[in-house]
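Participant: Sequence:
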Amino acid sequence: MPGGRKKADPIEQSLRLTLEEMYYGCSKNLKLTRTVMRGDVEQRVSETLTIDVKPGWKKGTKITFPEKGDEAPGVIAADIVFVIDEKRHPQFERDGNDLVKTVKVDLSEALLGANVFVTTLDGKSINVEVKEVIDPKYVKVLIGEGMPLSKSPNSRGDLKIKFEVAFPKTLDDDRRKKLREALDGCEY
Numbered sequence: 448m449p450g451g452r453k454k455a456d457p458i459e460q461s462l463r464l465t466l467e468e469m470y471y472g473c474s475k476n477l478k479l480t481r482t483v484m485r486g487d488v489e490q491r492v493s494e495t496l497t498i499d500v501k502p503g504w505k506k507g508t509k510i511t512f513p514e515k516g517d518e519a520p521g522v523i524a525a526d527i528v529f530v531i532d533e534k535r536h537p538q539f540e541r542d543g544n545d546l547v548k549t550v551k552v553d554l555s556e557a558l559l560g561a562n563v564f565v566t567t568l569d570g571k572s573i574n575v576e577v578k579e580v581i582d583p584k585y586v587k588v589l590i591g592e593g594m595p596l597s598k599s600p601n602s603r604g605d606l607k608i609k610f611e612v613a614f615p616k617t618l619d620d621d622r623r624k625k626l627r628e629a630l631d632g633c634e635y
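Counting in this note's numbering, the sequence shown runs without a single skipped number right up to 635 at its last residue.
Hints may be right or wrong, so weigh each one.
Derived DSS-like pairs (lysine-lysine); straight-line CA-CA distance at most 30 Å [as the list claims (entries may be wrong)]:
#1 K478 - K598
#2 K501 - K515
#3 K607 - K501
#4 K584 - K505
#5 K453 - K515
#6 K475 - K548
#7 K509 - K584
#8 K454 - K506
#9 K478 - K509
#10 K515 - K534
#11 K509 - K534
#12 K578 - K551
#13 K624 - K551
#14 K515 - K598
#15 K505 - K587
#16 K534 - K501
#17 K478 - K506
#18 K475 - K571
#19 K609 - K584
#20 K515 - K505
#21 K624 - K571
It should be emphasised that the hints constitute simulated quantities derived from the structure, not laboratory data.
Work the whole structure out from these sequences, hints included.
Facilitator: This is the structure we're talking about:
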């Protein structure tokens with residue numbers, strides 16, 4: 448397109464959010480300093496861009512501010528695109544709309560049943576009773592205790608509880624014998 452102005456390529460920036468910010472939603476004010484053209488004169492200006500994070504947004508969500516990049520003679524300013532990234536959380540991992548939490552139980556609880564208290568991301572304490580044998584692949588699912596769905600904020604994903612089994616460091620001969628007798632004949 449002769450004589451026309453070409454648009455600059457989009458500029459992507461990462462916006463790192465906590466899991467809580469993506470759970471509840473939040474507002475982020477980002478200061479931007481850019482070059483604008485006033486006639487033939489370049490001028491540096493500062494402005495604040497506001498991103499209203501909706502509950503349930505996921506890593507990879509993109510927010511575009513059209514033509515907020517630097518201006519230059521003969522060029523249309525680039526779009527600024529913020530890409531949501533998720534900060535690591537000490538207790539939860541996100542799996543789509545679900546949350547995953549690992550809880551420690553000892554070997555006797557894994558074999559005989561366990562009662563564990565789980566604190567959800569929104570601070571609720573839930574008593575989780577497990578009567579089944581907890582094998583390495585066992586997952587307890589708490590329906591509706593995961594992340595809000597961004598398109599339907601009153602709906603939630605699930606909370607998946609995985610278990611890490613702690614084994615005794617040592618066993619004396621008497622305990623070994625009793626365990627062997629107790630476990631002999633079990634179905635595997």
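Participant: Is the hinted pair K515 and K505 satisfied, with a Cα-Cα distance of at most 30 Å?
Facilitator: At roughly 24 Å apart (the allowed maximum being 30 Å), K505 and K515 satisfy the hint.
Participant: K505 and K587 were given as a pair; does the straight-line alpha-carbon distance stay at or below 30 Å?
Facilitator: Holds: K505 and K587 sit about 23 Å apart, inside 30 Å.
Participant: K475 and K548: Cα distance at most 30 Å?
Facilitator: holds, 27 Å
Participant: Keeping to a limit of 30 Å between CA atoms, is the pair of K609 and K584 held or broken?
Facilitator: holds, 8 Å
Participant: Taken at face value, is the distance from the CA of K571 to the CA of K624 at most 30 Å?
Facilitator: violated, 42 Å
Participant: Between K584 and K505, does the CA-CA distance stay at or below 30 Å?
Facilitator: holds, 26 Å
Participant: When you check the alpha-carbon spacing of K534 and K501, does it fall within 30 Å?
Facilitator: holds, 16 Å
Participant: Starting from K501, check that the Cα of K515 is at most 30 Å away, please.
Facilitator: Cα-Cα ~22 Å, so holds.
Participant: So if I understand the rule, the pair passes when the alpha-carbon distance is 30 Å or less; does K478 with K598 pass?
Facilitator: holds, 28 Å
Participant: Holds or violated: K453 with K515, Cα cutoff 30 Å?
Facilitator: Cα-Cα ~15 Å, so holds.
Participant: Is the hinted pair K515 and K534 satisfied, with a Cα-Cα distance of at most 30 Å?
Facilitator: The given pair, whose Cα atoms are some 26 Å apart, holds under the 30 Å limit.
Participant: Is K509 within 30 Å of K584, Cα to Cα?
Facilitator: Not satisfied, since the Cα-Cα distance of roughly 35 Å exceeds 30 Å.
Going down the numbered hints, you'll see the structure goes against 7, 21, while the others check out.
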